[in-house]
Amino acid sequence: MEGAHRPGATAKGLAWLVAIYLVLPIGIILPVSLTDQRFLSLPHESLSLRHYATVLTSPEWLGSIAQSFWIAVASTILAVVAGTLCSIGCWRISRRATDLARAMMLLPIIIPSIVYAVGLYRYFARLGLLDSVLGVVLAHGVTGIPYVIITVSTALAAFDPRLEQAARGMGASLGQTLRWVILPRIAPGIASGAIFAFIHSWDELVIVLFIASRDVFTLPRRIWDGINENLDPAMAAVAVLLILFTLLLLLLDMALRRRRDAA
Amino acid sequence: MSAAGHALALQGLSKRYGSFTAVDDVSLRIERGQFLTLLGPSGSGKTTILMCIAGFVAPTAGAVLLDNRDITALPPEKRDFGMVFQGYALFPHMSVAENVAFPLRVRRMGAAEREAKVRAALDLVQLERFADRRPSQLSGGQQQRVALARALVFDPALLLLDEPLSALDKKLRAELQDELKALHRRVGRTFVNVTHDQEEALSLSDRVAILNHGKLVQEGAPAALYEAPRTRFVADFLGKSNFLHGTVREAHPGAFAIAAGGTRLVQAVDRDAPRPALSMPVLLSLRPEKIALLAEEDTADNTVEGRIVTWSYLGAGFAISVATEDLGLLRVTLPSWGAPIAPAEGMPVRLGWSAAASVPVAEDAD
Amino acid sequence: MAAAAQRQTGWWLLILPAFLLMTAFYVAPILQVLTISFTEPQPGLQNYERLFTSESVQRVIWTTLRICTITTALALLLGYALAYRIALAEDRVRRWWILAVLVPLWISVLVRAFAWVTLLRRQGLVNQTLMETGIIAEPLQLVWNEFGIVVGMVHYMVPYAVLPMLASMREIDPRLLAAARGLGASRFTVFSRIFLPLSAPGLIAAGVLVFIFSLGFYITPAILGGGKTLMVAEWISLQILDLIRWGLGTMMATVLVVAILTTLAIFSRVVDLRRVFGSGA
Numbered sequence: 000m001e002g003a004h005r006p007g008a009t010a011k012g013l014a015w016l017v018a019i020y021l022v023l024p025i026g027i028i029l030p031v032s033l034t035d036q037r038f039l040s041l042p043h044e045s046l047s048l049r050h051y052a053t054v055l056t057s058p059e060w061l062g063s064i065a066q067s068f069w070i071a072v073a074s075t076i077l078a079v080v081a082g083t084l085c086s087i088g089c090w091r092i093s094r095r096a097t098d099l100a101r102a103m104m105l106l107p108i109i110i111p112s113i114v115y116a117v118g119l120y121r122y123f124a125r126l127g128l129l130d131s132v133l134g135v136v137l138a139h140g141v142t143g144i145p146y147v148i149i150t151v152s153t154a155l156a157a158f159d160p161r162l163e164q165a166a167r168g169m170g171a172s173l174g175q176t177l178r179w180v181i182l183p184r185i186a187p188g189i190a191s192g193a194i195f196a197f198i199h200s201w202d203e204l205v206i207v208l209f210i211a212s213r214d215v216f217t218l219p220r221r222i223w224d225g226i227n228e229n230l231d232p233a234m235a236a237v238a239v240l241l242i243l244f245t246l247l248l249l250l251l252d253m254a255l256r257r258r259r260d261a262a
Numbered sequence: 000m001s002a003a004g005h006a007l008a009l010q011g012l013s014k015r016y017g018s019f020t021a022v023d024d025v026s027l028r029i030e031r032g033q034f035l036t037l038l039g040p041s042g043s044g045k046t047t048i049l050m051c052i053a054g055f056v057a058p059t060a061g062a063v064l065l066d067n068r069d070i071t072a073l074p075p076e077k078r079d080f081g082m083v084f085q086g087y088a089l090f091p092h093m094s095v096a097e098n099v100a101f102p103l104r105v106r107r108m109g110a111a112e113r114e115a116k117v118r119a120a121l122d123l124v125q126l127e128r129f130a131d132r133r134p135s136q137l138s139g140g141q142q143q144r145v146a147l148a149r150a151l152v153f154d155p156a157l158l159l160l161d162e163p164l165s166a167l168d169k170k171l172r173a174e175l176q177d178e179l180k181a182l183h184r185r186v187g188r189t190f191v192n193v194t195h196d197q198e199e200a201l202s203l204s205d206r207v208a209i210l211n212h213g214k215l216v217q218e219g220a221p222a223a224l225y226e227a228p229r230t231r232f233v234a235d236f237l238g239k240s241n242f243l244h245g246t247v248r249e250a251h252p253g254a255f256a257i258a259a260g261g262t263r264l265v266q267a268v269d270r271d272a273p274r275p276a277l278s279m280p281v282l283l284s285l286r287p288e289k290i291a292l293l294a295e296e297d298t299a300d301n302t303v304e305g306r307i308v309t310w311s312y313l314g315a316g317f318a319i320s321v322a323t324e325d326l327g328l329l330r331v332t333l334p335s336w337g338a339p340i341a342p343a344e345g346m347p348v349r350l351g352w353s354a355a356a357s358v359p360v361a362e363d364a365d
Numbered sequence: 000m001a002a003a004a005q006r007q008t009g010w011w012l013l014i015l016p017a018f019l020l021m022t023a024f025y026v027a028p029i030l031q032v033l034t035i036s037f038t039e040p041q042p043g044l045q046n047y048e049r050l051f052t053s054e055s056v057q058r059v060i061w062t063t064l065r066i067c068t069i070t071t072a073l074a075l076l077l078g079y080a081l082a083y084r085i086a087l088a089e090d091r092v093r094r095w096w097i098l099a100v101l102v103p104l105w106i107s108v109l110v111r112a113f114a115w116v117t118l119l120r121r122q123g124l125v126n127q128t129l130m131e132t133g134i135i136a137e138p139l140q141l142v143w144n145e146f147g148i149v150v151g152m153v154h155y156m157v158p159y160a161v162l163p164m165l166a167s168m169r170e171i172d173p174r175l176l177a178a179a180r181g182l183g184a185s186r187f188t189v190f191s192r193i194f195l196p197l198s199a200p201g202l203i204a205a206g207v208l209v210f211i212f213s214l215g216f217y218i219t220p221a222i223l224g225g226g227k228t229l230m231v232a233e234w235i236s237l238q239i240l241d242l243i244r245w246g247l248g249t250m251m252a253t254v255l256v257v258a259i260l261t262t263l264a265i266f267s268r269v270v271d272l273r274r275v276f277g278s279g280a
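Residue numbers (numbering that gives the first Met the number 0), protein chains in the order written: chain A, 0 to 262; chain B, 0 to 365; chain C, 0 to 280.
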């Protein structure tokens, strides 16, 4: 757009400062993780990968990474299946009752996880689900549903409802319509939701602090202990690995969105 | 394809949304193999009726009958009706062939048979060459033909068309009208079409049902509706019309005369029609093309003098507005080839028409 | 009609799994929290009396409100500057700016809190740099106090502030701004008389969102506050896990939920969560 209104120098400068404030602290971890010292600092003499080696050979860290990964996978599946079906149902029926249902599904984003964690602590104790993988998967899955609902609802908003009518009119059953018409069209939205639900579980700490103790010791839990007990450069290495992993997922999401917009 | 069309009947069909009545007690019969058009302005309930027939909308009262079988409660996927949606609703993630194969796929038809049927259907609409394209790679007219092929491929009992031509430009629309008509003749199926375009309705249909405010106003063959509209709304909506107000002065068998201001107008009616009461107010509808410009020595059953207010040249003809003292502004259309005059603003003219040219119509209730 | 109802049954069944999961494993535990606040240690309202009688309860609420207000104000200010820049950027550049917002948004809270600890602690990079360059002689107390909490929380909240504001700014017709310039308005006038009022709905939505997210925030204040400055969430956790005072803890949790839902209800027309999580690069 030639001749369009552009921000002035003050606004531009301020924006740069904010961007630096947002990105720099995250970026600074990279050199710290490569330090040759035994304590948290910038590298003195040379770069070293020893702290990565510490992490990647530690059975505790690797165990937590694996556990977090599988919990995230399982809870993502739970959230994606329940969330996608629910979004489609709400979209199709589209009444006051479904608006309420959808609002209820968004509660986990709005209500602080500390409140949920406290409630779950008691609730799971009675069900015998404390400190179990199943318990954490259920908790992460349920709290991951809103991310899926939001992305899938957004995808459905762009879906022409006449396509569904056309399919039904030509004799397709509900299952066939879902499988052949609706799901292929909203697949990118589902993928986005899956990515966010995965990141949600992968990073979740507050709930885990309350409902898990020994058997379930996820990656965020181990980082939490690390920050509170011994701040060493291995923590920085873990942080960098986490950042890279999140970046990867975000780039995947962006690629998916671009493909959807192109289609 | 088999030529077995099916007959459809609507009985007292009504649809209310809260206090709003979208369809009000509509009864209608569509015979085997007929092409019926539901015509009306937007909000007249025509699309709601089509959606009731298709099964997407459940009527509040009344029934839908297919060959005398009540199908009101049947879900859309069990009705076996083909439908062409407004905007076509082609599946964008499937090729043309996959789109057309869709109804067969949901019926679990074998691959070989499916392929043959798809080919035949694409053949029918002359799109064999485009089988592997995506809908987005086709022109509007081609998309419309894919939608037709998809709606016909599974030998539906009935074909429903929801404003099938409205997305196309004028020239293409005329072309596809002819094609659609030919297709109807070829497949011999019952077609139900919805449109707000009166020209489309007249040219395509065996019968037209005119709707207004959810009510069925009049139905019949296109020519009958055009020549003998029963109400002011029908006369006005189907083509253009002048409306002449007056009160009955004389009544004879086969004709009566009215006074419109100081002008006496003669109106022909059926011989056996009941005679109107004297001094009853009446409304006549008079088509602009049925008015002639009279030379001085010419005579006609009805004549009136006036002055040209505006005129425009339309290629095939002239559209002229003439101001008269007793009848107000009259619209007149004349063929431009061999027109008796070159129209000019302010020019005095004498207009004439026969007693059978106009037709008495009822004022609409609302 | 029976037929219509039957036709919809299938669709309702799709909602069922999520509904059951949500009811059994989300709503039920939360309702339990609310119940406990009225029943333990004895049935009655005595837990809620503490809101008016206990100084420590009042101090926690006051601290939380103060920090949340400061955080919201700063996050809105910084977020607005960023959103303004992004909204007026060319498409090619915009993608990178949005990435600068989305990446911090999705990177683990723990990682970000850890980064701030690395930077701000006594032997941290900021103090080291300042001392080496001779600007200060003694390390500054930058973390394990309210300052540290605010720095970390604002850092967490800025992306949440940017996204709703950006959504509303991008609905502003750029031709309006160009037209105003063409009519002789200065850059500042265009901003204050046209852009700012038109983007106000996004500003309010962002404010509400940031404020309610801040209220119940746990991890960042817990790490950067170092246990000295207590906010509501950490206080609740302390009551439950260390002091085993369920009644008090759940009372505060209930107050928190009620405060958040009330705020949201008041502003329900301007806040659309979809704008935050649905908008991408």
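If you're looking for bench data, these hints aren't it; they were derived computationally from the structure. What you are looking at is a predicted structure, and each value in this text was computed from that prediction instead of being measured. Ideal Cβ positions, reconstructed from N, Cα and C, are used throughout, including at glycine. Treat the hints loosely; a few may be bogus.
The calculated label-pair distances, taken between Cβ atoms and stated as ranges, are [claimed, not checked]: (1) A:Asp-130 - C:Arg-91: 33 to 39 angstroms; (2) C:Arg-58 - A:Gly-127: 52 to 58 angstroms; (3) C:Leu-260 - A:Lys-11: 48 to 54 angstroms; (4) A:Pro-183 - B:Ala-62: 34 to 40 angstroms; (5) A:Leu-251 - C:Leu-50: 44 to 50 angstroms.
Calculated Cβ distances over 10 angstroms to all of chain A for the following chain C residues [unchecked claim]: (6) Val-100; (7) Pro-138; (8) Leu-182; (9) Ile-211.
**Item:** Reported absence of Leu-182 of chain C from the contact zone with chain A (all CB gaps over 10 angstroms)
**Value:** Correct as stated: the minimum Cβ-Cβ distance to chain A is 12 angstroms, above 10 angstroms.
**Prompt:** Could one say that the CB atoms of Leu-260 of chain C and Lys-11 of chain A fall in the range 48 to 54 angstroms?
**Reply:** Violated - the Cβ-Cβ distance for Leu-260 of chain C and Lys-11 of chain A, about 39 angstroms, lies outside 48 to 54 angstroms.
**Request:** Mind checking the hinted window 52 to 58 angstroms against the Cβ distance between Arg-58 of chain C and Gly-127 of chain A?
**Result:** Violated: the Cβ-Cβ distance is about 38 angstroms, outside 52 to 58 angstroms.
**Asked** Minimum Cβ separation between Ile-211 of chain C and chain A greater than 10 angstroms?
**Response** Given a closest Cβ separation of 7 angstroms, the condition is violated.
**Message:** The hint says 34 to 40 angstroms between Pro-183 of chain A and Ala-62 of chain B; measuring C-beta to C-beta, is that right?
**Reply:** holds, 37 angstroms
**Message:** So Val-100 of chain C supposedly isn't at the interface. Is its beta-carbon more than 10 angstroms from every beta-carbon in chain A?
**Reply:** Val-100 of chain C not clear of chain A: closest Cβ-Cβ about 7 angstroms, inside 10 angstroms.
**Request:** Given the range 33 to 39 angstroms, decide if the beta-carbon distance of Asp-130 of chain A to Arg-91 of chain C lies inside it.
**Result:** violated, 51 angstroms
**Asked** In terms of Cβ atoms, is chain A entirely out of 10 angstroms range of Pro-138 of chain C?
**Response** holds, 14 angstroms
**Prompt:** Taking the beta carbons of Leu-251 of chain A and Leu-50 of chain C, is their distance inside 44 to 50 angstroms?
**Reply:** Between Leu-251 of chain A and Leu-50 of chain C, where Cβ atoms are some 47 angstroms apart, the hint holds.
Checked against the numbered hints listed earlier, the structure breaks hints 1, 2, 3, 6 and 9; every other hint is satisfied.
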